[in-house]
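With chain X held as given, fit chain A onto it using these hints.
If you read the protein sequences in the order shown, they are chains X and A. So for the first sequence, the working numbering puts the first residue at 53; every next one is plus one. So for the second sequence, the working numbering puts the first residue at 83; every next one is plus one.
Everything labelled a hint here was simulated from the structure, so no lab data went into it. Just to be clear, a hint being listed does not mean it is correct.
Taking CB as the label site, the calculated pair distances span [what the hints assert, rightly or not]:
1) X/Ser129 x A/Ser165: 41 to 49 Å
2) X/Ala130 x A/Asp138: 38 to 46 Å
3) X/Ile132 x A/Lys152: 36 to 44 Å
4) X/Glu67 x A/Glu109: 30 to 38 Å
Lysine-lysine pairs mimicking DSSO-like chemistry, simulated, CA-CA at most 30 Å apart [stated by the list, open to error]:
5) A/Lys139 x A/Lys152
6) A/Lys139 x X/Lys122
7) A/Lys139 x X/Lys103
8) A/Lys152 x A/Lys135
9) X/Lys161 x A/Lys93
In silico negatives: residues of chain A with every beta carbon more than 12 Å from chain X [to be verified]:
10) Thr102
11) Glu154
12) Leu157
13) Ser165
14) Phe189
15) Ile197
From the three backbone atoms N, C-alpha and C, an ideal C-beta is built for every residue, glycine too.
Here are the chains, one letter per residue:
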Amino acid sequence: GQQLNQSPQSMFIQEGEDVSMNCTSSSIFNTWLWYKQDPGEGPVLLIALYKAGELTSNGRLTAQFGITRKDSFLNISASIPSDVGIYFCAGQLAHGGSQGNLIFGKGTKLSVKP
Amino acid sequence: DAGITQSPRHKVTETGTPVTLRCHQTENHRYMYWYRQDPGHGLRLIHYSYGVKDTDKGEVSDGYSVSRSKTEDFLLTLESATSSQTSVYFCAISATGGRLSNQPQHFGDGTRLSIL
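This is chain X alone, in the form it adopts within the complex:
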């Protein structure tokens, strides 16, 4: 099946640092979504992107829909301890995908630097 490559798989953050993660694919997408999941809870939608080049912010979070429509990026500025968790990207295929069927990345786990 279709796959999204999300990287990095995990990273450690120190309070105040900026964080970047991304999702790439060989397929073209017409929607990108970014979610955050805390332990024991369901994912929470952070940002939705709908066209190539779109840059959208939600507080300290900024996400971009790649120009090629095959990738997306999420940046967190000035990280704080409550940013820890797992971040998922998800994309809706431009061709061949069924309605309602998002493809999810495998997640980027943010932890606090020891």
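Positioned in the frame of chain X, the structure of chain A alone reads:
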């Protein structure tokens, strides 16, 4: 919270037994989804519903059935549970209209299902 309740939150059962998970929403949203989450696989769509009695298969639908007799309830059934169906199951909903009308906007807190 978006008004999604999953029940049960945890369940342990034996191979071959039937299992039904329930998702209840108070938002009157049209779309409802069932996902499973497994290490190394992220979230994968099992089935979704776009209205009462209107359902369709997702990526990993084999071994699962669903029913939606009321707007607020979406049931996921494992007719004969297998160990490969041990997972965390999430229900999600989305509203009608707008760009996100057919994508999951709000997730429940999950059901952890163990099949021995």
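These are the hints, each one checked on the structure:
For X/Ser129 and A/Ser165, the Cβ-Cβ distance of about 44 Å falls inside the hinted range of 41 to 49 Å, so the restraint holds. Between X/Ala130 and A/Asp138 the C-beta distance comes to about 42 Å, which sits within the given range of 38 to 46 Å. Remark: the range hint 36 to 44 Å for X/Ile132 to A/Lys152 is upheld by a beta-carbon distance near 41 Å. In this structure the supplied range 30 to 38 Å holds for X/Glu67 paired with A/Glu109, their Cβ-Cβ distance being about 36 Å.
With a C-alpha separation of about 19 Å, the suggested pair A/Lys139 and A/Lys152 falls inside the 30 Å cut-off, and the hint holds. Distance restraint check for A/Lys139 and X/Lys122: the Cα-Cα separation of roughly 25 Å lies within the 30 Å cut-off, and the hinted pair is therefore satisfied. Among the hinted pairs, A/Lys139 with X/Lys103 is consistent with the structure: their alpha-carbon atoms are about 27 Å apart, no more than 30 Å. Taken as a hint, the A/Lys152 and A/Lys135 pair is honoured in the structure, with Cα atoms around 8 Å apart against an allowance of 30 Å.
Distance check on the hinted pair: X/Lys161 and A/Lys93 sit about 26 Å apart at the alpha-carbon level, within 30 Å; holds. Every beta carbon of chain X lies more than 12 Å from that of A/Thr102, the smallest distance being close to 19 Å; the non-interface claim holds. The Cβ of A/Glu154 lies farther than 12 Å from every Cβ of chain X, with a closest approach of about 18 Å, so its non-interface assignment holds. Listed as outside the interface, A/Leu157 is consistent with that label: its C-beta sits roughly 17 Å from the nearest C-beta of chain X, beyond the 12 Å cut-off.
Residue placement check: A/Ser165 keeps its beta carbon more than 12 Å from all beta carbons of chain X (closest about 22 Å). Its closest Cβ contact with chain X, about 3 Å, brings A/Phe189 to no more than 12 Å, contrary to its assignment away from the interface. Consistency note on A/Ile197: stated as away from chain X, and its beta-carbon is indeed over 12 Å from all of that chain's, at 20 Å minimum.
The structure does not agree with numbered hint 14 stated previously, though it agrees with all others.
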